[in-house]
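2 protein chains.
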Amino acid sequence: MNDLELKRRILERVEDDLQEIEQALKQNLKPHFDLVSKIAGHILFSGGKRLRPLLVVLGARLCGYQGDYVKTFSVIFEYLHAATLVHDDIIDGAGLRRGKPVAHTIWGNPAAVLVGDFLLARSIALAARTRNPKIIAVVADITENMSQGEIQQLLKKGDLELTEAEYFDVIQRKTAILFQGACHVSALLADASAAQEKALVDYGYHMGMAFQMIDDVLDYTLDSRATGKTAGTDIREGKLTLPVIRILQTADEADRSVMKEMIRKKDFKTDEFRRLVKRMEHCGALEYSRRQAAAHVRQAREAILTFASSETRDTLLDVAQYALVRKA
Amino acid sequence: MNDLELKRRILERVEDDLQEIEQALKQNLKPHFDLVSKIAGHILFSGGKRLRPLLVVLGARLCGYQGDYVKTFSVIFEYLHAATLVHDDIIDGAGLRRGKPVAHTIWGNPAAVLVGDFLLARSIALAARTRNPKIIAVVADITENMSQGEIQQLLKKGDLELTEAEYFDVIQRKTAILFQGACHVSALLADASAAQEKALVDYGYHMGMAFQMIDDVLDYTLDSRATGKTAGTDIREGKLTLPVIRILQTADEADRSVMKEMIRKKDFKTDEFRRLVKRMEHCGALEYSRRQAAAHVRQAREAILTFASSETRDTLLDVAQYALVRKA
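Residue numbers (the working numbering), protein chains in the order written: chain A, 10 to 337; chain B, 10 to 337.
Bound conformation, chain A alone (with noise of 0.2 Å):
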């Protein structure tokens, strides 16, 4: 099944959710001032695949539940990663995201640094209206976590001695952890055992790895004219992701002098980016990225492999699985 299949099939079984996760989206949100309705909804509604509160969603449902406000809690996770979304573009100057201008380029850094603190303090609030301390730390741990990571990152960029220990250490802190959180709080929402509990920590920690490399993959291969994405944008911004971290290791000197010379100027021509990308192809370096992400999705799929069949539990499968093969 290729991805665009497996995304159909997703898409089938998910629909109603999506649908009722988007109204939680816009109900939840009850913005006081337009403009931050503008620009909360410009990054919130501008096609995201929701994939964080669908895990909520999904997840209390695998365990067992079957009650309607775990969807309004959903939403905690999509305003944690769009609030992170909107200071990453200002952090790393980004112009386009989804192939539409980002907010900051549009109303301005002072208003993108508050809407994203507003999201945040959406989120957290969410959180707490839940009054399980559990899951507010968990909420809590993320927050502190995403911000260290997106740190640790800032500091690193550029940095050719970056290991890829440091590397995991990062995606793991700025992306994993919501991935990881958000199918935790599904599980105590659904007021699970702990071995459920467990098992859903595991798969989405391992889901959200596995997302993450895949992206940081995806920024050399992805066909810009099919999804509107930019490639080349992580060597742009100084970030050396996991198929840099490699070609530095695997390649000979002639190829590392290349290499260094391109990520140091930050800039590049399209010739000298396929370049590189043949080289990555050549030396093994994107193939070992997608090895680690496939090893990944092996261990989350085996995660909720604990619970009994189900149709919820097919599509946490899918899931998985269509994060290590999508194209965009």
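Some hints here could point you the wrong way.
Copies of one chain are not kept apart here, so a pair can be met inside one copy or by any two copies together.
Distance condition first, Cα-Cα at most 20 Å in a straight line; then the derived SDA-like pairs of lysine to any residue [to be verified]:
#1 K165 with P119
#2 K58 with Q161
#3 K80 with L105
#4 K165 with I272
#5 K287 with G108
#6 K47 with L164
#7 K165 with N118
#8 K80 with L314
#9 K165 with G117
#10 K16 with Y297
#11 K109 with E246
#12 K269 with F282
#13 K39 with D178
#14 K269 with V334
#15 K58 with K165
#16 K16 with L94
#17 K58 with D25
#18 K207 with L27
#19 K166 with V267
#20 K143 with D12
#21 K287 with E24
#22 K275 with G167
Calculated directly from the structure, the hints in this document are not laboratory data.
Fit chain B to the supplied structure of chain A, relying on the hints for placement.
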């Protein structure tokens, strides 16, 4: 008793508390990266008054609390305060704070945005550690209101039609709520009665309103040689505060157009500024603001007069009075 004598009397009584708060501020930062420690430290340890954590400590003591962990949680409010200072300085394009260059001019906007996020996250994480849903809800509510207050202020920059009611709404959200929250949490930590809780909430709210109003008056009247602060910052940043709102309401057409021109061009010569301040004194705009602040201080003091007389109550009465008479 003048402002300096009053300050001395307060400081003598809270010397030990302040030392323990300093310790808690350092201990609870537990930075994982040197740069975070450096930037957060730059803003946290540059001469803040520690008023907010002090209110937590004194409020809890007033309610009979004798334990020690209140100091740990008191720093929640200093971290929150520092987080907003870092982001505010970016938003306002400020260059100096307390006579020192601000974080974003030294380390750049990206690092400053992230360290603000980190401090916000740290304060939420500390609140979560109380495992008290009420305390967590108060802190979550503060973060949400503060970001909304800041956004509101940003939207109203340079708006000559700003009303008193809108001004009060902004300062309630961006300042008073933090003082109110600190006092509220002090009562919750001390497991105080509902009446005590309400009294402290009222004290914090009125104290915070007065504190910001006096801050806004001082921006026109302070002696920069004595304080190291620069007068006239608000008008340069397009922030219309109560003295300006009042002068626009009461001045004649000639004065109004001078004012409007200064606000429009966001710049002025020292002479022009002095003339403006003279006009404010002449038409009673500064006195009007001081009187409003005095009314809030009166209400703050009345609120805690419901407690039995004690040294702690005296100190809190002094602190409210100092908010009014301070010259810096």
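Quiz prompt | List of violated hint numbers, smallest to largest | solution = 2, 3, 5, 8, 10, 14, 15, 16, 18, 20 and 21
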